[in-house]
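First to last, the sequence lines map onto chains A and U. Just so we're aligned: 103 in the working numbering is position 78 of the first sequence, and the numbers increase by one with no gaps anywhere. Just so we're aligned: 122 in the working numbering is position 121 of the second sequence, and the numbers increase by one with no gaps anywhere.
A couple of the hints might just be wrong.
Stated by the list, open to error - With a cut-off of at most 20 Å between alpha-carbon atoms, the simulated EDC-like pairs for lysine to aspartate or glutamate come out as follows: (1) Lys10(U) <-> Asp228(A); (2) Lys346(A) <-> Glu266(A); (3) Lys10(U) <-> Asp225(A); (4) Lys301(U) <-> Asp116(A); (5) Lys10(U) <-> Glu155(A); (6) Lys221(A) <-> Glu315(A); (7) Lys346(A) <-> Glu268(A); (8) Lys186(A) <-> Asp131(A); (9) Lys336(A) <-> Asp228(A); (10) Lys199(U) <-> Glu179(A); (11) Lys285(A) <-> Glu326(A); (12) Lys186(A) <-> Glu129(A); (13) Lys346(A) <-> Glu297(A); (14) Lys301(U) <-> Asp131(A); (15) Lys301(U) <-> Glu100(A); (16) Lys186(A) <-> Glu172(A); (17) Lys307(A) <-> Glu289(A); (18) Lys299(U) <-> Glu100(A); (19) Lys346(A) <-> Asp256(A); (20) Lys221(A) <-> Glu206(A); (21) Lys336(A) <-> Glu315(A); (22) Lys336(A) <-> Glu297(A); (23) Lys336(A) <-> Glu245(A); (24) Lys301(U) <-> Glu129(A); (25) Lys10(U) <-> Glu159(A); (26) Lys199(U) <-> Asp131(A); (27) Lys336(A) <-> Glu268(A); (28) Lys346(A) <-> Glu267(A); (29) Lys307(A) <-> Glu268(A).
As the list claims (entries may be wrong) - Under 10 Å between C-beta atoms, here's a sample of chain U residues computed to sit facing chain A: (30) Lys10; (31) Arg15; (32) Thr87; (33) Arg110; (34) Asp111; (35) Arg113; (36) Asn115; (37) Lys299; (38) Ala302.
Keep in mind the hints are simulated off the structure, nothing from the lab. Remember, it's a predicted structure, so these values are computed and weren't measured experimentally. Idealized CB from N, CA, C, for every residue including glycine.
Each chain, written out:
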Amino acid sequence: MSMALPATAHDEAIKTQTTYDEPAVVDLHGLSVTFGRRPILKNLRGDLRGKAIGLLGPNGAGKTTLIHTLLGFHEPSAGTAQIFGHDIVHDANAIKSLIGYMPERDSFIAKMSAVHFVRLMGELSGLPSEAALERAHEALFYVGLGEARYRKLETYSLGMKQLAKLAQAIVHGPRLIFLDEPTNGLDPPARLRMIKLIRDIRDSGQANIVLSSHLLLDVEECCDEILILRDGQIAVYCNLEEERKSNRKFLMLETRGDQKRFVEALARLGCEYAITNPTRMKVVLQDGVEVRDLYRLAAQEQVQLRRLSYKRDSLEDIFLKAMENGHGGL
Amino acid sequence: MAVYEQSYKPYTGRLTPEWSRFLIIPRHAYRAVFNSKLFIAFFAICFLPLLVEAILIYLRHNFGALAAMSINVRELIPVDGFFFETFVNIQMGFAFLMALLIGPPLVSRDLRNNALPLYLCRPFSRTEYVMGKMSVLLILLSLITWIPQLVLFLFQSYLEGLAWFKANVSIAFAIVIASLVWILLLALLSQTISALVKWRVVASGALVGLFLIPSVFGAFINEVFSTRIGNLVSLGALIRNVTAGLFGTFDRLTEIRRVRDFDGTILREIVLYEPPLWSSWAMLFLLCAVCLALLSWKVKAYEVVR
Numbered sequence: 026m027s028m029a030l031p032a033t034a035h036d037e038a039i040k041t042q043t044t045y046d047e048p049a050v051v052d053l054h055g056l057s058v059t060f061g062r063r064p065i066l067k068n069l070r071g072d073l074r075g076k077a078i079g080l081l082g083p084n085g086a087g088k089t090t091l092i093h094t095l096l097g098f099h100e101p102s103a104g105t106a107q108i109f110g111h112d113i114v115h116d117a118n119a120i121k122s123l124i125g126y127m128p129e130r131d132s133f134i135a136k137m138s139a140v141h142f143v144r145l146m147g148e149l150s151g152l153p154s155e156a157a158l159e160r161a162h163e164a165l166f167y168v169g170l171g172e173a174r175y176r177k178l179e180t181y182s183l184g185m186k187q188l189a190k191l192a193q194a195i196v197h198g199p200r201l202i203f204l205d206e207p208t209n210g211l212d213p214p215a216r217l218r219m220i221k222l223i224r225d226i227r228d229s230g231q232a233n234i235v236l237s238s239h240l241l242l243d244v245e246e247c248c249d250e251i252l253i254l255r256d257g258q259i260a261v262y263c264n265l266e267e268e269r270k271s272n273r274k275f276l277m278l279e280t281r282g283d284q285k286r287f288v289e290a291l292a293r294l295g296c297e298y299a300i301t302n303p304t305r306m307k308v309v310l311q312d313g314v315e316v317r318d319l320y321r322l323a324a325q326e327q328v329q330l331r332r333l334s335y336k337r338d339s340l341e342d343i344f345l346k347a348m349e350n351g352h353g354g355l
Numbered sequence: 002m003a004v005y006e007q008s009y010k011p012y013t014g015r016l017t018p019e020w021s022r023f024l025i026i027p028r029h030a031y032r033a034v035f036n037s038k039l040f041i042a043f044f045a046i047c048f049l050p051l052l053v054e055a056i057l058i059y060l061r062h063n064f065g066a067l068a069a070m071s072i073n074v075r076e077l078i079p080v081d082g083f084f085f086e087t088f089v090n091i092q093m094g095f096a097f098l099m100a101l102l103i104g105p106p107l108v109s110r111d112l113r114n115n116a117l118p119l120y121l122c123r124p125f126s127r128t129e130y131v132m133g134k135m136s137v138l139l140i141l142l143s144l145i146t147w148i149p150q151l152v153l154f155l156f157q158s159y160l161e162g163l164a165w166f167k168a169n170v171s172i173a174f175a176i177v178i179a180s181l182v183w184i185l186l187l188a189l190l191s192q193t194i195s196a197l198v199k200w201r202v203v204a205s206g207a208l209v210g211l212f213l214i215p216s217v218f219g220a221f222i223n224e225v226f227s228t229r230i231g232n233l234v235s236l237g238a239l240i241r242n243v244t245a246g247l248f249g250t251f252d253r254l255t256e257i258r259r260v261r262d263f264d265g266t267i268l269r270e271i272v273l274y275e276p277p278l279w280s281s282w283a284m285l286f287l288l289c290a291v292c293l294a295l296l297s298w299k300v301k302a303y304e305v306v307r
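Could you put the whole structure together from the sequences, leaning on the hints where they help?
In structure tokens form, the structure reads like this:
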């Protein structure tokens, strides 16, 4: 007799993303964007279905351009994309009523109190005036600006401005929220607060999130799927949890002595290895090879094993691997 | 989502019709504009000429009042096309000053604070944004130009009778069209300058310069070449001619200049003609088209660096 374990919010999230009856959150059909003659996004393909999708990549990889194109700010030069089944070119207005956007840069309407600003944004999203005012108050309380909501935005600190930007992005209760570098410039407590809010929205199950960030930790803490862009192409798209599970365990070794001879001996045993620096290396043991074989090999080659620990790939490893390998594809 | 619940909830209530959303911008803009006591005072002053106009119309039909003030009805200005044209021109001056006060920061403030992505990521197009910003000026300027003028025209018609109304209905059209052309031009120009210049003071200066510099240049061309072609680059002259055309007072022959010898003998006469009316209309259309093209170029969520 088997006993079912209670499902966690995260299990629910993974279950949701594997239900393929509903249209994908973002469906990319050979999406390309060119500025002048410069290609920025090149033939992006795939359907993103996560509750919270992390958009990663080095500077200039095309993360912000992808978000802007999905928001309808740039026209695709080839291909298209769909958000919840709506085409970004032909159903732009239908899409815009489903999404919220928190831009990377400071974006405000000057000489307005926070509540006036968020209310205006709510009204522009189609909410009647009274409902927009009510939800503006609620959104500002929700993000933690309740006490400061009548202050002019110009007087806000950087952290408060970020929260006000989040409030305007959620005031109309969108189904998909694009967050472009939401923790930029925040001090640690403000960053933690922002991360908590993003996770709270994700766990509510009422909205999907696309989080663009160059901070791997933010993505790791908030997202269940990641899309890594490199030079305008998809380098990796994966479910973070599944990727972690499928990754083989590896050994992190710290050595002293002739590392070259040691790794040659490891290769003869059939082990995969990667040298991270002159004294450290990662080793994946082949079936049938035990840790005691490594000790024996080290003794043979007169190499000291100073440290030995088991590890799994972190997001940083996945990211770095994507940067080295190029196309992970979908 | 209630405050005490503190959790993310979608909005499930009714939505406003999409066509009406551009009016949200003027509604919020007026809150800021009418917060200024200085502006309210100026707004009140704008109605003084209209009050004078109303009094003149009233006196012309109230012989008792005229007798009490010992004024002969013939001493009063006749209420005709020229009468209304004069007051329309005065109100146009006030409209210019109001555009100078309100227009420059409308778009520039949004550009300076990167607010355009916030507008345009919503179901709100660039056209609606421009319409919204323009209607801030169009509605306010209408309140001090053609709307009260039209009310005064109806007031005059009421006092004078149906026959006068029928005979002068073209004046009503002239009031509305001349005022609309002017306020539309002002709204477009101030929006365009506001979109090109991020700083309010500079934008205000540029708007004044746009009226002043081509006028001076036009006057210079007129004097040097003994012509009136220079009026085609002067915004003031263009709108004056168009207004006169609408009120039926436009006359191409403006001046006969006599070139004299040292002893005063007339050597020749130069007849100066205003450019034809269609050319003034064409120049105004061209200017509006340029403004729209510039607005279309500048009003974008993000500038693309190619």
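Verification of the supplied hints:
A threshold of 20 Å between alpha carbons decides the hint, and for Lys10(U) with Asp228(A) the separation of about 11 Å falls inside it, so the pair holds. Between Lys346(A) and Glu266(A), the direct Cα distance comes to roughly 17 Å. Compliance with the 20 Å bound is thereby established for this hinted pair. Annotation: proposed proximity of Lys10(U) to Asp225(A) holds, straight-line Cα distance about 11 Å (limit 20 Å). Note on Lys301(U) and Asp116(A): the hinted pairing holds, with a Cα-Cα distance of about 19 Å set against a maximum of 20 Å.
Among the hinted pairs, Lys10(U) with Glu155(A) is consistent with the structure: their alpha-carbon atoms are about 17 Å apart, no more than 20 Å. A C-alpha spacing of about 42 Å is found between Lys221(A) and Glu315(A), which places the hinted pair above 20 Å, so the restraint is violated. Simply put, Lys346(A) and Glu268(A) have alpha-carbon atoms about 13 Å apart, close enough for the 20 Å limit, and the pair holds. For the suggested pair Lys186(A) and Asp131(A), the alpha carbons sit about 8 Å apart, so the restraint of at most 20 Å is met.
Distance hint between Lys336(A) and Asp228(A) is unfulfilled; the C-alpha atoms sit about 28 Å from each other, more than 20 Å. A hinted pair counts as satisfied when its Cα atoms are at most 20 Å apart, and Lys199(U) with Glu179(A) qualifies at roughly 17 Å. Note on Lys285(A) and Glu326(A): the hinted pairing holds, with a Cα-Cα distance of about 10 Å set against a maximum of 20 Å. Our distance criterion of 20 Å between C-alpha atoms is met by Lys186(A) and Glu129(A), whose separation comes to about 11 Å.
Proximity of Lys346(A) to Glu297(A) is assessed by CA-CA distance (about 15 Å); at most 20 Å being required, the pair is judged to hold. Using a Cα cut-off of 20 Å, the hinted pair Lys301(U) and Asp131(A) holds, with the two alpha carbons roughly 16 Å apart. A distance of roughly 12 Å separates the Cα atoms of Lys301(U) and Glu100(A); the hinted pair therefore holds under the 20 Å criterion. Simply put, Lys186(A) and Glu172(A) have alpha-carbon atoms about 14 Å apart, close enough for the 20 Å limit, and the pair holds.
With a C-alpha separation of about 14 Å, the suggested pair Lys307(A) and Glu289(A) falls inside the 20 Å cut-off, and the hint holds. In summary, the hint linking Lys299(U) to Glu100(A) is supported, as the alpha carbons are separated by about 16 Å, within the 20 Å threshold. Distance restraint check for Lys346(A) and Asp256(A): the Cα-Cα separation of roughly 15 Å lies within the 20 Å cut-off, and the hinted pair is therefore satisfied. A threshold of 20 Å between alpha carbons decides the hint, and for Lys221(A) with Glu206(A) the separation of about 15 Å falls inside it, so the pair holds.
Simply put, Lys336(A) and Glu315(A) have alpha-carbon atoms about 16 Å apart, close enough for the 20 Å limit, and the pair holds. A hinted pair counts as satisfied when its Cα atoms are at most 20 Å apart, and Lys336(A) with Glu297(A) qualifies at roughly 15 Å. In summary, the hint linking Lys336(A) to Glu245(A) is supported, as the alpha carbons are separated by about 17 Å, within the 20 Å threshold. A hinted pair counts as satisfied when its Cα atoms are at most 20 Å apart, and Lys301(U) with Glu129(A) qualifies at roughly 16 Å.
Taking the CA atoms of Lys10(U) and Glu159(A), the gap is about 13 Å. The hint holds against a cut of 20 Å. About 16 Å separates the Cα atoms of Lys199(U) and Asp131(A), which keeps this hinted pair within 20 Å; it holds. Of the pairs offered as hints, the one joining Lys336(A) and Glu268(A) holds, with about 14 Å between alpha carbons and a cut-off of 20 Å not exceeded. For the proposed pair Lys346(A) and Glu267(A), the alpha carbon gap of about 16 Å is at most 20 Å, so the pair holds.
Of the pairs offered as hints, the one joining Lys307(A) and Glu268(A) holds, with about 18 Å between alpha carbons and a cut-off of 20 Å not exceeded. Contact between Lys10(U) and chain A, as hinted, is supported at the beta carbon level, the nearest pair being about 6 Å apart and thus within 10 Å. Restraint check, Arg15(U) versus chain A: the minimum CB separation of about 7 Å is within 10 Å; hint holds. Hint on Thr87(U) is violated. Least Cβ distance to chain A is approximately 38 Å, over the 10 Å limit.
For Arg110(U), the interface hint holds, since its Cβ comes within 10 Å of a Cβ in chain A; the closest pair sits about 5 Å apart. Using the Cβ-Cβ criterion of 10 Å, the hint placing Asp111(U) at the interface with chain A is satisfied: the shortest such distance is roughly 7 Å. Proximity of Arg113(U) to chain A holds as hinted, the smallest CB-CB distance being about 7 Å (cut-off 10 Å). Using the Cβ-Cβ criterion of 10 Å, the hint placing Asn115(U) at the interface with chain A is satisfied: the shortest such distance is roughly 4 Å.
Here the hint on Lys299(U) is broken, as its CB sits about 14 Å from the closest CB of chain A, past 10 Å. Because the smallest distance between the Cβ of Ala302(U) and any Cβ of chain A comes to about 4 Å, under 10 Å, the interface hint for this residue holds.
Hint compliance for this structure: hints 6, 9, 32 and 37 are not met, and every other hint is.
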